[in-house]
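Go by the hints and put chain B onto chain A.
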Amino acid sequence: MNKKEKHKMTAAEKREALWAWAFIAPTMLGLIILNFYPVINTVYQSFCKTGDFGKGNTFVGLANYATVLSASETWQSLLNTIKYAIIEVPFGVVIALVLAVFLNKKLIGTSVYRTIFFLPMVCAPAAVAMVWKWLYNQQFGLFNNLFHTNVAWISDPKIAWISIGVIGVWSVIGYNMVLFISGLQEIPGDYYEAASIDGATGIKQFFHITVPLLSPTTFFIVQTRLIGALTVFDLMFMVMDKTNIALQKTQSIVYLFYTYAFTNGNKGYGATLVMVLVVFIMVVTFIMQKAEGRFVYHN
Amino acid sequence: MDGIEARARLNKVIMYVILTIMAFIMIVPFAWMILTAVKTNQEAISVAPFYIFPQNGWHWENFAEVWRSYNFIVLYKNTLLMIFFRVVCAVLTATMAGYAFGRLNFPGKKIMFSLVLIQMMIPSQIFIIPQYLMVSSLNLLNTVAGLVFPGIVTAFGTYLLKTGYEGLPKDLEEAASIDGCNIGQRFLRILMPLTRSSMVSLGIFTALFAFKDLMWPMIVCTNAATTTLSAGLAKMQGQYGSDYPTMMASAVLAIIPMIVIYIIFQKQFVEGIATSGGKL
Chain A
1 MNKKEKHKMT AAEKREALWA WAFIAPTMLG LIILNFYPVI NTVYQSFCKT GDFGKGNTFV
61 GLANYATVLS ASETWQSLLN TIKYAIIEVP FGVVIALVLA VFLNKKLIGT SVYRTIFFLP
121 MVCAPAAVAM VWKWLYNQQF GLFNNLFHTN VAWISDPKIA WISIGVIGVW SVIGYNMVLF
181 ISGLQEIPGD YYEAASIDGA TGIKQFFHIT VPLLSPTTFF IVQTRLIGAL TVFDLMFMVM
241 DKTNIALQKT QSIVYLFYTY AFTNGNKGYG ATLVMVLVVF IMVVTFIMQK AEGRFVYHN
Chain B
1 MDGIEARARL NKVIMYVILT IMAFIMIVPF AWMILTAVKT NQEAISVAPF YIFPQNGWHW
61 ENFAEVWRSY NFIVLYKNTL LMIFFRVVCA VLTATMAGYA FGRLNFPGKK IMFSLVLIQM
121 MIPSQIFIIP QYLMVSSLNL LNTVAGLVFP GIVTAFGTYL LKTGYEGLPK DLEEAASIDG
181 CNIGQRFLRI LMPLTRSSMV SLGIFTALFA FKDLMWPMIV CTNAATTTLS AGLAKMQGQY
241 GSDYPTMMAS AVLAIIPMIV IYIIFQKQFV EGIATSGGKL
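Protein chains in written order, with the numbering used here: chain A, 1 to 299; chain B, 1 to 280.
Chain A extracted, bound-state conformation (with noise of 0.2 angstroms):
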């Protein structure tokens, strides 16, 4: 880029400035709509009391912030999130990496194995939700009458939370895990072989070698998949019903996000809610961003 300062245009540099405006210009049009007008949309909302129908917003200040912040099921919500994220991220990421190097070892029918790892990806939450929430029905389910027990796994508010954790963690892994695998195959075979002449074995090779030349792959794997576990929804919105007594102890932020904006057609207090939620979001992403020159390993 040849960037002067006060340079006047030529003909060819302002051809190529318009056709340049003229090729972005959908995208940025439908970004400024969609997505930059609707944030100041929502912060403008979340002041806002909303009437019946979502119309008629009056300007009510602080109001659904201090209502947010001094409910407990706001703080129960955010608690839950984490707790789900727990699960998800360290087991999602751990069980994938070493599922991983296995298949990256080029053993006779990994892609047989590659594929099973792989379809709960392309299938939609709900359906998966749904399975999941028969396989963990108490009476009837295939767990407790296989294993001759009588757990409430969805609804005992002590174990209902990892019984969801299951299900993100059973979702995520074979997606963490392709991830993985591509991120193994830029790793330069000599460093293997060079390890192997000074005698090093497979686990000495996997914790001096894989882990820290993977290490940008796995924090970018982190970094994706905490952001999703913080927004988690379909498989919680599937499986716990309204009814359901553990609910208060299980509802993600983005679960009581939708009740109240969608369900009780609450806009504001909605909006409020989703505030937190970004608040929540930034700082765990800045957080993240720190972290990143600790634990990445850069040669």
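Incorrect hints may appear among the rest.
As a list, the in silico SDA-like pairs of lysine to any residue whose alpha-carbon atoms are at most 20 angstroms apart [said to hold, decoys possible]:
#: 1; chain 1: B; residue 1: Lys109; chain 2: A; residue 2: Asn145
#: 2; chain 1: A; residue 1: Lys106; chain 2: B; residue 2: Asn11
#: 3; chain 1: B; residue 1: Lys267; chain 2: A; residue 2: Ser182
#: 4; chain 1: B; residue 1: Lys12; chain 2: A; residue 2: Lys83
#: 5; chain 1: B; residue 1: Lys212; chain 2: B; residue 2: Tyr76
#: 6; chain 1: A; residue 1: Lys14; chain 2: B; residue 2: Glu174
#: 7; chain 1: B; residue 1: Lys109; chain 2: A; residue 2: Leu18
#: 8; chain 1: B; residue 1: Lys109; chain 2: A; residue 2: Trp21
#: 9; chain 1: A; residue 1: Lys14; chain 2: B; residue 2: Cys181
#: 10; chain 1: B; residue 1: Lys212; chain 2: A; residue 2: Thr231
#: 11; chain 1: B; residue 1: Lys110; chain 2: A; residue 2: Arg15
#: 12; chain 1: B; residue 1: Lys267; chain 2: A; residue 2: Thr110
#: 13; chain 1: B; residue 1: Lys109; chain 2: A; residue 2: Met9
#: 14; chain 1: A; residue 1: Lys106; chain 2: B; residue 2: Ala8
#: 15; chain 1: A; residue 1: Lys83; chain 2: A; residue 2: Asn244
#: 16; chain 1: B; residue 1: Lys267; chain 2: A; residue 2: Glu186
#: 17; chain 1: B; residue 1: Lys12; chain 2: A; residue 2: Thr201
#: 18; chain 1: B; residue 1: Lys77; chain 2: B; residue 2: Phe209
#: 19; chain 1: A; residue 1: Lys204; chain 2: B; residue 2: Ile4
#: 20; chain 1: B; residue 1: Lys12; chain 2: A; residue 2: Glu193
#: 21; chain 1: A; residue 1: Lys242; chain 2: B; residue 2: Gly238
#: 22; chain 1: A; residue 1: Lys242; chain 2: A; residue 2: Trp75
#: 23; chain 1: B; residue 1: Lys267; chain 2: B; residue 2: Ser197
#: 24; chain 1: A; residue 1: Lys105; chain 2: B; residue 2: Asn11
#: 25; chain 1: A; residue 1: Lys106; chain 2: B; residue 2: Ile18
These are computed hints drawn from the structure, not numbers from a lab.
Using the frame of chain A, we list chain B on its own:
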């Protein structure tokens, strides 16, 4: 040497055992979905004795019945149309913007591209209420256009395609401009065909994302005749949740098209996800 070989063989066995156990765990929910779908409801809710397999024949006709009674053809049609228009819009707008950001110089480029990056960092939940109000005031509730609405443009796709265009060799354009091609011709004839893999990645990503999305169709298409497979399932669960074979047959019908497409185009799917690295 013998010891090392024996250990390598043992390692292999351990790996296969772990892989097979994991594969089994991954398969169980799918198997249970199908096994329940072909049972009668009595068999499905029988606990003493508990049946893994259906006892009086496999009732494949359950699928036909669900297909008819829940109007699956309409759900398929809505989902397909939504995916089609979203993919076309996303690939078209992103490929144009990606080309401009990746290959052309123009005033305002930095600011415009930073807007694209900012959009990617904002949680999408913040867009939903105003988007819903827009769709509602445009009278597009319960229409395919309403389903497509938030996916007309894509910041993520623009970023993906920009990376694709930047990766192409620098001298392509010089050769083309000597031949007298203008910028539009260069784009259409020379550069765009070379970014096919990025376009395919974006297309697959967009299709999967649209197919899996639950909240948006639930909000804008509340009518069972206008909604998508995902949101349709949520509706059915709310209404007929205790008829387990019916529910499982519906779930199978909802996921089977994407599974078939995935198995046929597996290479593109896996590469598309691996290279785009988008958050699904």
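Verification of the supplied hints:
1. B:Lys109 with A:Asn145: violated, 62 angstroms
2. A:Lys106 with B:Asn11: Holds, because 13 angstroms separates the two Cα atoms, which is no more than 20 angstroms.
3. B:Lys267 with A:Ser182: This hinted pair holds, its Cα atoms lying about 13 angstroms apart.
4. B:Lys12 with A:Lys83: violated, 36 angstroms
5. B:Lys212 with B:Tyr76: holds, 13 angstroms
6. A:Lys14 with B:Glu174: Holds: A:Lys14 and B:Glu174 sit about 18 angstroms apart, inside 20 angstroms.
7. B:Lys109 with A:Leu18: holds, 12 angstroms
8. B:Lys109 with A:Trp21: Given that 20 angstroms is the threshold and the Cα spacing comes to 9 angstroms, the pair holds.
9. A:Lys14 with B:Cys181: Status holds; Cα separation ~16 angstroms.
10. B:Lys212 with A:Thr231: The hint holds at about 15 angstroms.
11. B:Lys110 with A:Arg15: holds, 18 angstroms
12. B:Lys267 with A:Thr110: Holds, at roughly 13 angstroms.
13. B:Lys109 with A:Met9: Distance ~15 angstroms between B:Lys109 and A:Met9 Cα, so the pair holds.
14. A:Lys106 with B:Ala8: holds, 13 angstroms
15. A:Lys83 with A:Asn244: holds, 18 angstroms
16. B:Lys267 with A:Glu186: With a Cα-Cα distance of about 18 angstroms, the restraint between B:Lys267 and A:Glu186 holds, given a limit of 20 angstroms.
17. B:Lys12 with A:Thr201: holds, 14 angstroms
18. B:Lys77 with B:Phe209: holds, 17 angstroms
19. A:Lys204 with B:Ile4: holds, 15 angstroms
20. B:Lys12 with A:Glu193: holds, 19 angstroms
21. A:Lys242 with B:Gly238: With a Cα-Cα distance of about 10 angstroms, the restraint between A:Lys242 and B:Gly238 holds, given a limit of 20 angstroms.
22. A:Lys242 with A:Trp75: At roughly 19 angstroms apart (the allowed maximum being 20 angstroms), A:Trp75 and A:Lys242 satisfy the hint.
23. B:Lys267 with B:Ser197: holds, 12 angstroms
24. A:Lys105 with B:Asn11: The given pair, whose Cα atoms are some 11 angstroms apart, holds under the 20 angstroms limit.
25. A:Lys106 with B:Ile18: holds, 15 angstroms
In summary, the numbered hints that this structure violates are 1 and 4.
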